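Visitor: With chain A's structure known, arrange chain B on it following the hints.
Those sequence lines, one after another, are chains A and B.
Residues in the first sequence are numbered from 1 upward in steps of one, following the UniProt record's numbering.
Residues in the second sequence are numbered from 1 upward in steps of one, following the UniProt record's numbering.
Keep in mind that the hints were calculated from the coordinates and are not lab data.
Bear in mind the structure is a predicted one, so any value in this text is a computation, not a measurement.
One or more of the hints may lead you astray.
Heads up, simulated SDA-like pairs for lysine to any residue below, C-alpha to C-alpha not over 20 Å straight-line [claimed, not checked]:
1. Lys-10(A) with His-58(B)
2. Lys-226(B) with Thr-135(A)
3. Lys-75(A) with Gln-145(B)
4. Lys-149(B) with Arg-97(A)
Going by beta-carbon spacing under 10 Å, a handful of chain B positions derived as facing chain A [stated by the list, open to error]:
5. Glu-134
6. Ala-136
7. Pro-153
By construction, the Cβ of each residue, glycine as well, lies at the ideal position given by its N, Cα and C atoms.
What follows is the residue order along each chain.
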Amino acid sequence: MIQIKQLVKKYSSPQGQVMALDDVSLNILPGTIYGIIGLSGAGKSTLVRCLNLLEKPSSGQIIVAGQELTALSSKELRKARQNIGMIFQHFYLLQSRTVSENIAFPLEIAGVPKTEISMRVKELLNLVGLEEKATAYPGQLSGGQKQRVGIARALATKPQVLLCDEATSALDPQTTLSILNLLRDINQKLGLTIVMITHEMKVVKEICTHVAVIHAAHIVENGPVESVFIKPQSDIARQFVSTVFPNDLPADLLKELATHRDSEIVRIQFLGTRASDPIITDLLRTCEVRANILYGSIDHLRSTLFGTLTLELQGSPEQLKEAQHYLTSRDLKVEVIKREL
Amino acid sequence: MSFDIGSLLHGSGSVGDLLQLIIPATGETLYMVFASTVLAYLIGLPLGIILVVSSPGHILPNPWVERTLGTIINIFRSAPFIILLVALIPFTRSIIGTSVGTTAAIVPLVISAAPFVARVVETSLKEVPYGVIEAALSMGASPKQIIQKVLLPEAKASLILGVAITTISVIGYTAMAGTVGGGGLGDLAIQYGYNRFRTDVMIVTVIILVVIVQIIQSLGTTLARKLTH
Numbered sequence: 001m002i003q004i005k006q007l008v009k010k011y012s013s014p015q016g017q018v019m020a021l022d023d024v025s026l027n028i029l030p031g032t033i034y035g036i037i038g039l040s041g042a043g044k045s046t047l048v049r050c051l052n053l054l055e056k057p058s059s060g061q062i063i064v065a066g067q068e069l070t071a072l073s074s075k076e077l078r079k080a081r082q083n084i085g086m087i088f089q090h091f092y093l094l095q096s097r098t099v100s101e102n103i104a105f106p107l108e109i110a111g112v113p114k115t116e117i118s119m120r121v122k123e124l125l126n127l128v129g130l131e132e133k134a135t136a137y138p139g140q141l142s143g144g145q146k147q148r149v150g151i152a153r154a155l156a157t158k159p160q161v162l163l164c165d166e167a168t169s170a171l172d173p174q175t176t177l178s179i180l181n182l183l184r185d186i187n188q189k190l191g192l193t194i195v196m197i198t199h200e201m202k203v204v205k206e207i208c209t210h211v212a213v214i215h216a217a218h219i220v221e222n223g224p225v226e227s228v229f230i231k232p233q234s235d236i237a238r239q240f241v242s243t244v245f246p247n248d249l250p251a252d253l254l255k256e257l258a259t260h261r262d263s264e265i266v267r268i269q270f271l272g273t274r275a276s277d278p279i280i281t282d283l284l285r286t287c288e289v290r291a292n293i294l295y296g297s298i299d300h301l302r303s304t305l306f307g308t309l310t311l312e313l314q315g316s317p318e319q320l321k322e323a324q325h326y327l328t329s330r331d332l333k334v335e336v337i338k339r340e341l
Numbered sequence: 001m002s003f004d005i006g007s008l009l010h011g012s013g014s015v016g017d018l019l020q021l022i023i024p025a026t027g028e029t030l031y032m033v034f035a036s037t038v039l040a041y042l043i044g045l046p047l048g049i050i051l052v053v054s055s056p057g058h059i060l061p062n063p064w065v066e067r068t069l070g071t072i073i074n075i076f077r078s079a080p081f082i083i084l085l086v087a088l089i090p091f092t093r094s095i096i097g098t099s100v101g102t103t104a105a106i107v108p109l110v111i112s113a114a115p116f117v118a119r120v121v122e123t124s125l126k127e128v129p130y131g132v133i134e135a136a137l138s139m140g141a142s143p144k145q146i147i148q149k150v151l152l153p154e155a156k157a158s159l160i161l162g163v164a165i166t167t168i169s170v171i172g173y174t175a176m177a178g179t180v181g182g183g184g185l186g187d188l189a190i191q192y193g194y195n196r197f198r199t200d201v202m203i204v205t206v207i208i209l210v211v212i213v214q215i216i217q218s219l220g221t222t223l224a225r226k227l228t229h
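Bound-form chain A, shown alone (with noise of 0.2 Å):
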């Protein structure tokens, strides 16, 4: 749906080229909700902006829906970009609109008839549950309202693809619950395409399928969440994780474990059915090892469960990687600890 090839962005500033993105290049699928990660400078904001050219690339291509943007005149890009809808972190509503007139103005702008738009108005404001509040101003919303009127206003003109710049930042953490079930349900009932720009890996964790981290205007990985959440390649990525899904031993504990002998500590990840497998229990059944556990915990990535259980194996050198064998063997991922002596 997406293709952005050898993207690249440089600023000019006082103190010479910045470079914003370099040689970016990602595939996003149709139908996905695809999360671009990264800290506040790592470039992600001015990459979603490249998509629908609101900041324009340096070089590079992007191609939506096999138009490529970046060869377009400036007319047809308007056209084109009433099939790439977009919200933001501060919503940018017309504060001298109603709610209604909102989203109908899209609609305006693409030049359709007052009767359509009043039709399309009234399935929008029901999509996004604001029927009641219709005729009331933006000044008069909640943050989550407003955000919902962002939403329905960018559907308006039926696009592919949603953009998302940030856009649970400025809310709280029940309203970005519903604002991200919401974006969801859109996603799944219109199979629409969102790209999503966060710092938030618990964004990503409740509703992305998939996810780029950028870092210092390069893409440093990607992939379906579930790969990136189990095996982050980068430190990163790793640190991302480690915010929705803290297992860091304390350092005390950590000191402690470190004067056992014939021992190790092993971080196993689990996702989807066999986080409900008995596995301690067949471990100790089938291999010489004592089990003593240290941290678990049990979430969810989407809908998927997503386990790390973290384990101090007593045992015979042996019979330490015979459990670890064990391990590997059940399609778990298998992690061990390095202590420091």
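Guide: Relative to the frame of chain A, chain B by itself:
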């Protein structure tokens, strides 16, 4: 009541005499003020819009246009009105046919108010958050649609306050219109109130001017408040 106070103070002139002076002068002032304000907006509003949209990072950035227009506006705004009034006499004559009278005074008033309007409009339009404009851009809005459907409606309340400020400034300028025989309350106050020591005329003209200014300002404020949601 103020008529009586004025007459009693000096004993010269009657209420009838005073009204004969005041009524036509008030009419001349209102005519000059409203005609010049409307015409100044016809020129200044588009200029203000151009100043904003051509500024760097806006929808139609054009440094050359912005700088040239800005400089011209600054030049006109730095010329003292009384100088402009006299300097423009040949120009006024060429478009009105005469350089004397109330209508003739409107020409320099417009020329002086239009650049002021441009700056007032510019300030109002710059209050519209650029994010809102970007949101419209992301929906495929053209520059024309952004000006008509985003910039102007979103800045409406502020623009109306600007109209009140402009109108009131123009009232001040009309006081000098007497120099070219424009008449009006300001001229009356100078001619009769000051030069002929008619304190009653002076007091009444000042009171009428205060009332006009009050009405315009409260109209502007009320309307702006109604438009703010």
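Visitor: Look at each hint and say if it fits the structure.
Guide: Hint by hint, here is what the structure shows:
1. Distance hint between Lys-10(A) and His-58(B) is fulfilled; the C-alpha atoms sit about 19 Å from each other, no more than 20 Å.
2. The hinted pair formed by Lys-226(B) and Thr-135(A) meets the criterion: a straight-line CA distance of about 16 Å does not exceed 20 Å.
3. Annotation: proposed proximity of Lys-75(A) to Gln-145(B) holds, straight-line Cα distance about 13 Å (limit 20 Å).
4. Simply put, Lys-149(B) and Arg-97(A) have alpha-carbon atoms about 10 Å apart, close enough for the 20 Å limit, and the pair holds.
5. Interface hint at Glu-134(B): satisfied, since its Cβ lies 6 Å from the closest Cβ of chain A, which is below the 10 Å cut-off.
6. Residue-level restraint check for Ala-136(B) holds (minimum Cβ-Cβ distance to chain A is 7 Å; threshold 10 Å).
7. A cut of 10 Å between beta carbons decides the hint on Pro-153(B): the least distance to chain A is about 5 Å, and the hint holds.
In this structure, every one of the numbered hints holds.
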